[in-house]
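As you go down the protein sequences, you meet chains A and B in turn.
Quick note on the working numbering: the first sequence kicks off at 1 and runs consecutively.
Quick note on the working numbering: the second sequence kicks off at 1 and runs consecutively.
Where hints are given, some of them may not hold.
Identical chains share a label here; the pair holds if one copy fits it or two copies do between them.
[Stated by the list, open to error] Each computed DSSO-like pair below joins lysine-lysine, with the alpha-carbon atoms no more than 30 Å apart:
#	residue 1	residue 2
1	LYS147	LYS96
2	LYS184	LYS257
3	LYS96	LYS16
4	LYS9	LYS249
5	LYS12	LYS117
6	LYS147	LYS16
7	LYS121	LYS5
8	LYS184	LYS319
9	LYS391	LYS256
10	LYS319	LYS256
11	LYS179	LYS9
12	LYS90	LYS100
13	LYS117	LYS100
14	LYS127	LYS28
15	LYS270	LYS5
16	LYS139	LYS96
17	LYS139	LYS16
18	LYS139	LYS270
19	LYS368	LYS2
20	LYS420	LYS319
21	LYS313	LYS117
22	LYS139	LYS90
23	LYS184	LYS420
24	LYS139	LYS28
25	LYS313	LYS127
26	LYS420	LYS193
27	LYS9	LYS139
These are computed hints drawn from the structure, not numbers from a lab.
Source: prediction; values computed, not measured.
Number of protein chains: 2
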Amino acid sequence: MKQSKLFTKTSKTLPKDEVSLNSQLLLKSGFIDKEIAGAYSFLPLGHRVLNKIINIIREEMNAIDGQEIMLTALQAPATWEPTDRWDDEKMDVWFKTELKNGNQLGLAPTHEEPLTKLMKKFINSYKDLPVFAYQFQTKFRNETRAKSGILRTREFIMKDLYSFGRNQQDLDEYYERAKAAYVKIFDRLGLGKITYVTFASGGTFCKFSHEFQTLCEYGEDLIYINEEKKIAINREIFTDDIISEFGLKREDFVEKKSIEVGNIFKLGTKFSDALGLHYVAENGERFPVVMGSYGIGPARTMGTIVETCNDEKGIIWPKNIAPYHVHIISLGKEDTIAAESEKLYNLLCANNVETLWDDRPNVNPGAKFADSDLIGCPIRITVSSKNLENKQYEVKRRAGGNAEFIPQENILAFLANELK
Amino acid sequence: MKQSKLFTKTSKTLPKDEVSLNSQLLLKSGFIDKEIAGAYSFLPLGHRVLNKIINIIREEMNAIDGQEIMLTALQAPATWEPTDRWDDEKMDVWFKTELKNGNQLGLAPTHEEPLTKLMKKFINSYKDLPVFAYQFQTKFRNETRAKSGILRTREFIMKDLYSFGRNQQDLDEYYERAKAAYVKIFDRLGLGKITYVTFASGGTFCKFSHEFQTLCEYGEDLIYINEEKKIAINREIFTDDIISEFGLKREDFVEKKSIEVGNIFKLGTKFSDALGLHYVAENGERFPVVMGSYGIGPARTMGTIVETCNDEKGIIWPKNIAPYHVHIISLGKEDTIAAESEKLYNLLCANNVETLWDDRPNVNPGAKFADSDLIGCPIRITVSSKNLENKQYEVKRRAGGNAEFIPQENILAFLANELK
Numbered sequence: 001m002k003q004s005k006l007f008t009k010t011s012k013t014l015p016k017d018e019v020s021l022n023s024q025l026l027l028k029s030g031f032i033d034k035e036i037a038g039a040y041s042f043l044p045l046g047h048r049v050l051n052k053i054i055n056i057i058r059e060e061m062n063a064i065d066g067q068e069i070m071l072t073a074l075q076a077p078a079t080w081e082p083t084d085r086w087d088d089e090k091m092d093v094w095f096k097t098e099l100k101n102g103n104q105l106g107l108a109p110t111h112e113e114p115l116t117k118l119m120k121k122f123i124n125s126y127k128d129l130p131v132f133a134y135q136f137q138t139k140f141r142n143e144t145r146a147k148s149g150i151l152r153t154r155e156f157i158m159k160d161l162y163s164f165g166r167n168q169q170d171l172d173e174y175y176e177r178a179k180a181a182y183v184k185i186f187d188r189l190g191l192g193k194i195t196y197v198t199f200a201s202g203g204t205f206c207k208f209s210h211e212f213q214t215l216c217e218y219g220e221d222l223i224y225i226n227e228e229k230k231i232a233i234n235r236e237i238f239t240d241d242i243i244s245e246f247g248l249k250r251e252d253f254v255e256k257k258s259i260e261v262g263n264i265f266k267l268g269t270k271f272s273d274a275l276g277l278h279y280v281a282e283n284g285e286r287f288p289v290v291m292g293s294y295g296i297g298p299a300r301t302m303g304t305i306v307e308t309c310n311d312e313k314g315i316i317w318p319k320n321i322a323p324y325h326v327h328i329i330s331l332g333k334e335d336t337i338a339a340e341s342e343k344l345y346n347l348l349c350a351n352n353v354e355t356l357w358d359d360r361p362n363v364n365p366g367a368k369f370a371d372s373d374l375i376g377c378p379i380r381i382t383v384s385s386k387n388l389e390n391k392q393y394e395v396k397r398r399a400g401g402n403a404e405f406i407p408q409e410n411i412l413a414f415l416a417n418e419l420k
Numbered sequence: 001m002k003q004s005k006l007f008t009k010t011s012k013t014l015p016k017d018e019v020s021l022n023s024q025l026l027l028k029s030g031f032i033d034k035e036i037a038g039a040y041s042f043l044p045l046g047h048r049v050l051n052k053i054i055n056i057i058r059e060e061m062n063a064i065d066g067q068e069i070m071l072t073a074l075q076a077p078a079t080w081e082p083t084d085r086w087d088d089e090k091m092d093v094w095f096k097t098e099l100k101n102g103n104q105l106g107l108a109p110t111h112e113e114p115l116t117k118l119m120k121k122f123i124n125s126y127k128d129l130p131v132f133a134y135q136f137q138t139k140f141r142n143e144t145r146a147k148s149g150i151l152r153t154r155e156f157i158m159k160d161l162y163s164f165g166r167n168q169q170d171l172d173e174y175y176e177r178a179k180a181a182y183v184k185i186f187d188r189l190g191l192g193k194i195t196y197v198t199f200a201s202g203g204t205f206c207k208f209s210h211e212f213q214t215l216c217e218y219g220e221d222l223i224y225i226n227e228e229k230k231i232a233i234n235r236e237i238f239t240d241d242i243i244s245e246f247g248l249k250r251e252d253f254v255e256k257k258s259i260e261v262g263n264i265f266k267l268g269t270k271f272s273d274a275l276g277l278h279y280v281a282e283n284g285e286r287f288p289v290v291m292g293s294y295g296i297g298p299a300r301t302m303g304t305i306v307e308t309c310n311d312e313k314g315i316i317w318p319k320n321i322a323p324y325h326v327h328i329i330s331l332g333k334e335d336t337i338a339a340e341s342e343k344l345y346n347l348l349c350a351n352n353v354e355t356l357w358d359d360r361p362n363v364n365p366g367a368k369f370a371d372s373d374l375i376g377c378p379i380r381i382t383v384s385s386k387n388l389e390n391k392q393y394e395v396k397r398r399a400g401g402n403a404e405f406i407p408q409e410n411i412l413a414f415l416a417n418e419l420k
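Modelling step: build the complete structure from the supplied sequences, incorporating the hints.
This is the structure in structure tokens:
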């Protein structure tokens with residue numbers, strides 16, 4: 001992409017009330033735009049990042065036999081009445097609206113009820129189980145406050161996976177597969193080292209659920225970590241009783257702030273009982289289907305990456321999800337600079353190196369470097385007269401370290417090694 | 001995909017009130033599910049088709065320099081008041097809702113206003129133009145009736161592209177590029193031969209807009225076609241005055257029913273005037289930005305393909321958007337059948353032939369063939385004892401013709417030729 005064609009620009013001014021670091025950096029760099037409090041548009045660079053996160057999650061969902069679907073946001077009351085969650089007291093984040101004939105509708109904040117209802121059409125026998133279905137779908141939640149940028153919004157794409165099994169063993173087995181897939185996802189997203197599988201409250205059907213908590217000094221959550229035993233516990237269940245179950249004491253844990261980037265949950269038969277999702281076993285008996293749910297918010301994950309991967313100059317994208325791998329900076333207005341930059345740009349594009357090229361003729365070097373740091377692509381390549389004379393490029397990693405001078409003929413090999 | 005693992009099943013019963021052919025076929029084959037009237041979920045097979053349509057459109061949007069973004073569904077009144085379209089009388093398809101503090105919100109039925117507002121942040125000078133931005137985003141429209149299956153729904157993904165130029169010439173040039181891209185899209189989707197670029201009403205700023213109308217006997221629209229001059233005119237402007245402008249007479253046209261699958265529209269300065277989107281020209285003067293809009297509904301397109309590509313047995317998917325290229329049918333319960341089928345399945349998958357394998361052991365051949373016809377993959381390969389004895393596969397095209405017997409060692413070459 002030639003930066004002269006990219007319609008977004010970086011900015012120094014921010015909308016009022018924008019207090020979170022993630023939205024400040026993403027707004028300044030032109031990745032997102034604020035439509036209303038708690039609802040952000042994704043602009044070209046931001047859309048690329050979000051899509052890369054989605055694709056990594058999708059690959060791992062397919063790898064654990066997830067079947068991709070897309071349910072509707074619009075929902076009728078009848079679907080939610082069996083669990084009593086149509087009631088605004090029970091589910092306090094509904095946006096409600098209505099058809100022209102006056103019939104009430106709601107915008108789904110989650111999808112256990114409609115998917116359980118849907119599965120009644122397809123699950124009859126033990127032979128139909130297990131089933132795993134997931135979606136990337138826009139959820140709506142009428143949050144009272146929306147001050148955390150893209151970490152907690154009123155409209156967001158959610159990856160929600162649901163498992164349907166015959167019994168507790170089916171659920172337990174899949175739960176472990178999903179947990180391993182989540183570990184892999186956060187590794188691939190560059191958050192692996194600071195993301196903890198954290199024990200959290202389990203609800204009705206099991207003692208614990210698991211949250212994936214990423215350490216972050218601005219996080220809303222508080223977790224307690226024992227590094228030696230690799231145990232993390234959410235504040236909500238960090239009680240003496242629970243601690244002792246792990247054979248540890250309160251002082252064996254370190255308190256850390258964190259952001260919840262994923263959550264896996266054994267639902268048991270809560271929804272299948274309420275909505276009547278049963279199957280006939282080999283012996284002819286009828287049993288409720290045993291369910292699990294597994295969620296990741298791609299935009300929340302993106303926000304968490306921004307909160308944890310930055311410096312005073314801007315964002316530092318992990319290579320797997322950077323909007324572009326390489327940012328070429330052309331310095332100087334000479335024709336040879338433009339021509340040599342274009343040659344490099346075409347070479348990289350032809351070799352599948354995703355490249356943003358700052359080809360803007362009337363922007364000074366300082367502004368170009370500042371933009372490049374703010375946008376945060378992993379590798380910056382500077383094309384200047386001096387470097388061209390020496391038949392080399394000046395290369396700098398956004399993550400830090402000194403500039404290196406790479407002979408022109410070695411640039412592809414250098415990048416292949418950096419980006420592998 | 002092994003069919004035994006696919007969670008959907010074909011069905012003979014339909015929800016009440018399902019009168020459109022597209023939804024009848026898609027519901028019976030398990031591609032979609034009806035959540036409420038006018039809102040359908042996409043199940044694994046349907047989601048694959050929808051995604052393929054989206055990806056073809058995306059490639060062609062990128063090829064005409066579209067930059068992909070994603071705006072929000074949630075909208076505040078202030079964005080829409082400058083054009084007076086917040087008013088339910090002026091825009092009669094709003095779903096309205098509200099925040100907990102009582103502030104009104106709406107669910108965007110289209111995005112001219114928010115995108116024009118957004119562009120005010122980035123467009124200042126003639127150097128910033130032209131700009132082309134598009135999205136695949138879920139629109140909500142409070143339609144009074146919803147009886148056309150996935151052709152007209154209350155919630156649907158829309159591809160909407162908007163162009164922003166300096167003047168009429170910029171607009172006219174891009175309009176022609178977009179028109180050519182649309183022709184290419186409908187060609188790639190298998191609708192090229194029956195889709196007409198049709199003159200339609202142009203609104204305030206130009207005489208005509210263009211619709212892409214696909215001939216279909218159940219279509220809601222009526223168009224008039226002159227094959228010789230390759231002219232099609234929508235009923236709404238099929239007047240003597242207009243006809244004479246083309247140097248033709250009423251009797252030179254044939255009346256046909258059709259479905260509108262795309263629409264391109266010169267907006268001119270309607271929205272930039274109302275919302276104050278101006279730029280400074282080279283001579284220092286300020287001008288309003290000249291806009292165009294270009295829409296395709298991927299699900300409506302999918303519905304149109306179903307309406308036009310089917311027979312009494314089911315759907316006949318064009319190869320570019322079929323859920324799978326090949327449907328393998330294993331006949332008989334012998335171990336060798338299962339083993340040989342699996343060998344073939346693995347061979348095809350390894351060679352990027354997307355394959356659905358009907359591996360279900362307890363389903364009779366008649367039901368398997370009926371399912372295969374209903375689901376509609378382009379190529380069916382039958383694995384049976386008799387064929388295996390002769391070291392061949394029985395191959396049949398869904399579109400018609402007799403079965404062919406292909407020597408096993410030639411199957412990849414045969415498929416490469418069929419699917420190219």
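Here is what the structure says about each hint:
1. LYS147 / LYS96: The answer is both: 22 Å in one copy and 23 Å across copies each meet 30 Å.
2. LYS184 / LYS257: within (22 Å within a copy, 52 Å between copies)
3. LYS96 / LYS16: Classified as both: same-chain Cα gap 28 Å, cross-chain 26 Å, threshold 30 Å.
4. LYS9 / LYS249: Result: close neither inside a copy nor across copies, 52 Å intra and 53 Å inter.
5. LYS12 / LYS117: Intra 49 Å, inter 19 Å, cutoff 30 Å: inter-copy only.
6. LYS147 / LYS16: Classified as within; 11 Å inside a copy, 45 Å across copies.
7. LYS121 / LYS5: For LYS121 and LYS5, the Cα distance is within 30 Å only across copies (15 Å; inside one copy 50 Å).
8. LYS184 / LYS319: within (16 Å within a copy, 34 Å between copies)
9. LYS391 / LYS256: Classified as neither: same-chain Cα gap 49 Å, cross-chain 65 Å, threshold 30 Å.
10. LYS319 / LYS256: Intra 26 Å, inter 54 Å, cutoff 30 Å: intra-copy only.
11. LYS179 / LYS9: The answer is between: 29 Å across copies meets 30 Å, while 39 Å in one copy does not.
12. LYS90 / LYS100: Result: close both inside a copy and across copies, 26 Å intra and 15 Å inter.
13. LYS117 / LYS100: So LYS117 and LYS100 pass the 30 Å test inside a copy (25 Å) and across (29 Å) alike.
14. LYS127 / LYS28: between (54 Å within a copy, 21 Å between copies)
15. LYS270 / LYS5: For LYS270 and LYS5, only the inter-copy Cα distance (25 Å) is at most 30 Å; the intra-copy one is 53 Å.
16. LYS139 / LYS96: both (13 Å within a copy, 16 Å between copies)
17. LYS139 / LYS16: Result: close both inside a copy and across copies, 25 Å intra and 28 Å inter.
18. LYS139 / LYS270: Within one copy only: 22 Å inside, 32 Å across.
19. LYS368 / LYS2: Within one copy, since 13 Å is at most 30 Å while 52 Å is not.
20. LYS420 / LYS319: within (9 Å within a copy, 35 Å between copies)
21. LYS313 / LYS117: between (50 Å within a copy, 28 Å between copies)
22. LYS139 / LYS90: This pair counts as both: shortest intra-copy Cα distance 18 Å, inter-copy 28 Å.
23. LYS184 / LYS420: Within one copy only: 17 Å inside, 36 Å across.
24. LYS139 / LYS28: both (26 Å within a copy, 28 Å between copies)
25. LYS313 / LYS127: This pair counts as between: shortest inter-copy Cα distance 27 Å, intra-copy 57 Å.
26. LYS420 / LYS193: within (19 Å within a copy, 45 Å between copies)
27. LYS9 / LYS139: Both. Shortest intra-copy (29 Å) and inter-copy (27 Å) distances satisfy the 30 Å Cα cut-off.
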